[in-house]
Amino acid sequence: MELKHVNYGYPGSENLITDFTATVPKGKILAIIGQNGAGKSTLLKLLMGSVLPASGTVEIDGKPITALSRRERAAKIALVTQQHQIYDEMTVKEVVKTGRLPFHSLLATISDAEVRPFLETVNLAHAMDRPLTSLSGGQQQRVWLAAALAQEPQYLFLDEPTTYLDIRYQHDLMELIQKLNVEKQITVVMVLHDINQALKISDQLWLIKRGKLLEAGPATAILDKALLSEAFELPIKIVKIEKYGPYVIQLTA
Amino acid sequence: MAKERTAYIVICIALIITAMLALMLGTQFYSLAQLWQALTGHQPAILSTVLTFRLPRILAALIAGGMLASAGAISQSVFRNRLADPTILGVTSAGELLMLIGSLMLPAFAFQKQLLALVGGLVAFALLANRKTLRQPYQLIIVGVALNLTFMALTQLFTKGINVSTSLGFNGITWSSVYSLLITGFIGLVAVLLMAPWANDLKLPDEQLSSVGVPVTAMRLGLLVLVVYLSADVTAVAGTIPFIGIIVPNIARYFVGHDYQTILPFSMLSGAWLLLAVDTIGRIVVLPSEISAATIMAVIGGPFLIILVQRGGFHGIKAR
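Which chain is which? The protein sequence lines are A and B, in order.
Counting in my numbering, the first sequence runs from 1 upward without gaps.
Counting in my numbering, the second sequence runs from 1 upward without gaps.
Since the hints were derived computationally from the structure, they do not count as laboratory data.
Quick caveat: nothing in here was measured; it's all calculated off a predicted structure.
Accuracy of the hints is not assured; some may be wrong.
Unchecked claim - Covered stretches of chain B, going by a simulated chain A footprint (3 or more residues, C-beta under 8 Å):
#: 1; segment: 192-198
#: 2; segment: 204-214
#: 3; segment: 250-261
As the list claims (entries may be wrong) - From chain B, some residues computed to sit far from chain A (all C-beta separations above 10 Å):
#: 4; residue: 13
#: 5; residue: 15
#: 6; residue: 24
#: 7; residue: 31
#: 8; residue: 44
#: 9; residue: 77
#: 10; residue: 132
#: 11; residue: 221
#: 12; residue: 302
Claimed, not checked - Taking beta-carbon pairs under 10 Å as the criterion, some of the chain B residues facing chain A (in silico):
#: 13; residue: 76
#: 14; residue: 80
#: 15; residue: 81
#: 16; residue: 82
#: 17; residue: 201
#: 18; residue: 219
Even glycine gets a Cβ: it sits at the ideal position worked out from N, Cα and C.
Isolated chain A (complex conformation) (with noise of 0.2 Å):
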């Protein structure tokens, strides 16, 4: 999947995003940071096709993304946000019969045991019947997740996952994250707007600031002092933990 010279935004305002041409690296998990509003979550819908570029193109597997049909790209691409809304009561087993939509027919009637797999994979099987909303945050977020997977995608978009959950719901939505990466081979992309988390968890990183890419590479290529204060406009620095490695801090009182 890859983006060749795109550039997006409104017509009459300053560019979202300027001549952006990278290539996210398949089987692997990429991180996209930047401050808020350089157009990280732009770029995930750039690359899904749910906004087409002004100009340049957005390809998957070698061909525009616009020649795919919008049930093609379901099936290839799948989309967890961070904060999702529902209009009234769904259970668990509702919300992952979602994911399986594009592969049947508008009328269809999905089977629990259809979507007893995905729940299964993020160990929430048991809750199938009870109602989302009797779920905790990082509960909630892995019934979204599995919604996703039953997509059956080769790419897994995540646009800041983690952003309500405390530390422990981040740790085991990362790691969950991590093993379907490996296990299934899926492709993933994340929008993170926490620095240390993205460098530990992803084996590449887009740094983007107001639009265009400053720099794309593994962890190693990311963590410059100077790069990462140019791109947060803050003075940064980089200290070694013991046991844990380099940690991203700033530096202002």
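Here the structure of chain A is known, so what remains is to put chain B in place on it, guided by the hints.
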């Protein structure tokens, strides 16, 4: 599950008992024995009364109740608002207005009332379908109520001083109207059951639905057309009967949960029962005259709506 099954059993028994009572009660009371004799050919006078007056009316009330309740439930899914219902959003009153204009200005044609009610309903929905209105649950209801009042006032304006036969309702309903309602109603209700999964899908935000490859707008439009079709058909035959579409699905949610594949069939049965019960009560409380089902439903529905809003049963578009 047990609660759901009990609810279905209770409503089926209630339907059978109410239908029996509706056959027995009226200006003349017939006992079960008399009805049996009529059925076996020993009481032709009773048989004639039952076949000419009571049976068509019962069948019409049953199917219309089911149609209105389903139309309400689907509106609530499409508008993501538990108060949404074609009768308070101006859909049926727009239909009535157009039927009136048609009867005054157009030559008669086949399915005139049905078609005009359908067009009126679609016009009302087009006026409601404003992005901002759709996002604000209370705004939708206020705009809907305003539209409803406007259409009703226009109807009154057109009927001022003119002798137009606008008497709709189940009183004196003919077999031909009943047949038409049964056929269109059957088609509509089958479509409701088939499209029930869509009503469930719409619990998710549009962006999420798009990401799983669902054509959200087409889905919503399809359901809206179904809502207008169902309510316009009933309006064409019986006029506006308010609140069934709000009361029934909201009570159904309490008994059978939030899955539209269960809410919709249960609402059909409960709506059928409620309208038949209300029509039967209206037939017998002020004998030899009667009170229309619409009037009784307005009397029950108003307070129900107030309770629903004030008790916080109204979640509207609020995300959970």
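With 10 Å as the cut and Cβ atoms as the points, is residue 81 of chain B at the interface with chain A? Check passed: Cβ of residue 81 of chain B comes within 9 Å of chain A, closer than 10 Å.
Would you check whether the claim that residue 31 of chain B is not at the interface survives, using Cβ distances to chain A and the 10 Å cut-off? The assertion about residue 31 of chain B holds, with a minimum of 45 Å to chain A.
Does residue 302 of chain B really sit off the interface, with its C-beta more than 10 Å from all C-beta atoms of chain A? holds (25 Å)
Distal placement of residue 44 of chain B relative to chain A, Cβ over 10 Å: holds (48 Å)
Please check whether residue 76 of chain B passes as an interface residue: C-beta within 10 Å of a C-beta belonging to chain A. It holds, given that the least Cβ distance between residue 76 of chain B and chain A is near 8 Å, below 10 Å.
Beyond 10 Å on every Cβ pair: is that true for residue 221 of chain B relative to chain A? Holds: least Cβ distance 13 Å, greater than 10 Å.
Classify the hint on residue 80 of chain B as holds or violated, based on whether any CB of chain A lies nearer than 10 Å to its CB. holds (4 Å)
Quick check for students: does the CB of residue 24 of chain B sit more than 10 Å from each CB in chain A? holds (40 Å)
Does the nearest C-beta of chain A fall within a distance shorter than 10 Å of the C-beta of residue 201 of chain B? holds (6 Å)
Can residue 82 of chain B be said to touch chain A, with a Cβ gap under 10 Å? holds (8 Å)
Against chain A, run the beta carbon of residue 219 of chain B and see if the smallest gap drops under 10 Å. At about 7 Å, which falls below the 10 Å cut-off, the nearest Cβ of chain A leaves the hint on residue 219 of chain B intact, so it holds.
Could you check that no beta carbon of chain A comes within 10 Å of the beta carbon of residue 13 of chain B? holds (27 Å)
Checked against the numbered hints given earlier, this structure breaks only hint 9.
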